[in-house]
Amino acid sequence: MQSKSINFSNEASKLLNEYESGCKNDSHNYLMKFYKLLAKYIAEEVFIKLGELRLECESEEEAYKFDEDVTELKVYLDIGEYTGVSVSLSERLAEINITIENIKLPFDNDIKFLNSESREILWRLGRIDLINCYFESEYFDINNNTYFKDCNFENNFAINPFSKNNSGDRYRYINCNFSGDVSVIPSG
Numbered sequence: 014m015q016s017k018s019i020n021f022s023n024e025a026s027k028l029l030n031e032y033e034s035g036c037k038n039d040s041h042n043y044l045m046k047f048y049k050l051l052a053k054y055i056a057e058e059v060f061i062k063l064g065e066l067r068l069e070c071e072s073e074e075e076a077y078k079f080d081e082d083v084t085e086l087k088v089y090l091d092i093g094e095y096t097g098v099s100v101s102l103s104e105r106l107a108e109i110n111i112t113i114e115n116i117k118l119p120f121d122n123d124i125k126f127l128n129s130e131s132r133e134i135l136w137r138l139g140r141i142d143l144i145n146c147y148f149e150s151e152y153f154d155i156n157n158n159t160y161f162k163d164c165n166f167e168n169n170f171a172i173n174p175f176s177k178n179n180s181g182d183r184y185r186y187i188n189c190n191f192s193g194d195v196s197v198i199p200s201g
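Just so it is clear: in the sequence shown, position 111 is 124 by this note's numbering, and no numbers are missing.
Using 35 Å as the maximum straight-line C-alpha spacing, the simulated DSBU-like pairs for lysine-lysine come out as follows:
#1 LYS49 to LYS87
#2 LYS46 to LYS87
#3 LYS117 to LYS87
#4 LYS46 to LYS117
Here are the simulated distance ranges between beta carbons:
#5 ASN145 to GLU85: 31 to 37 Å
#6 ASN188 to GLU108: 24 to 30 Å
#7 ASP163 to GLU74: 42 to 48 Å
#8 VAL88 to MET45: 21 to 27 Å
#9 ASP194 to GLU73: 52 to 58 Å
#10 ILE144 to GLU75: 30 to 36 Å
#11 LYS49 to ASP194: 31 to 37 Å
#12 GLY193 to SER72: 51 to 57 Å
#13 LYS78 to PHE191: 40 to 46 Å
Hints in this document: simulated from the structure, not taken from any laboratory. Keep in mind that this is a model prediction, so the values were computed, not measured. In this text, a Cβ means the ideal position worked out from N, Cα and C, and glycines have one as well.
Turn these sequences into a full structure, and let the hints guide you.
What follows is the structure in structure tokens.
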């Protein structure tokens, strides 16, 4: 099902073109705008998926509790500081899968410019698929269920193996190209 959120790929490409045509003078401002756009996309996708999950509620009580979780998430995102995520909301987020396609992610190993609320949501999602994306970073790990397909990694890249795999997939990197050295971070 095609979601109705912003077309993140088009908006991110437009932002990148503006940045590159400006001779890359203000990388901090570009990163701030990119991650603000990414946070907006994540929120919109999650709320669309939550709306789809709400349709599966079997009773008014279940729907009421679901609505409380959605309200909690909206408040959490609006406050802009860590307020915690309830167990029931965390379980609902674990049922959500999102896809990010056709974008160039800027060099930012720790995605530190993405707000902490969006990072928390990404960490709790069931699955994140990155398809046909381009990475300049040397490390990119959001949660144990982040998968890469047809992606290009420009620099040296460190892979963090995962032990928990909720979706049953055997491979995290499918048809990806690595231009630099690849190293594996020992799990500990």
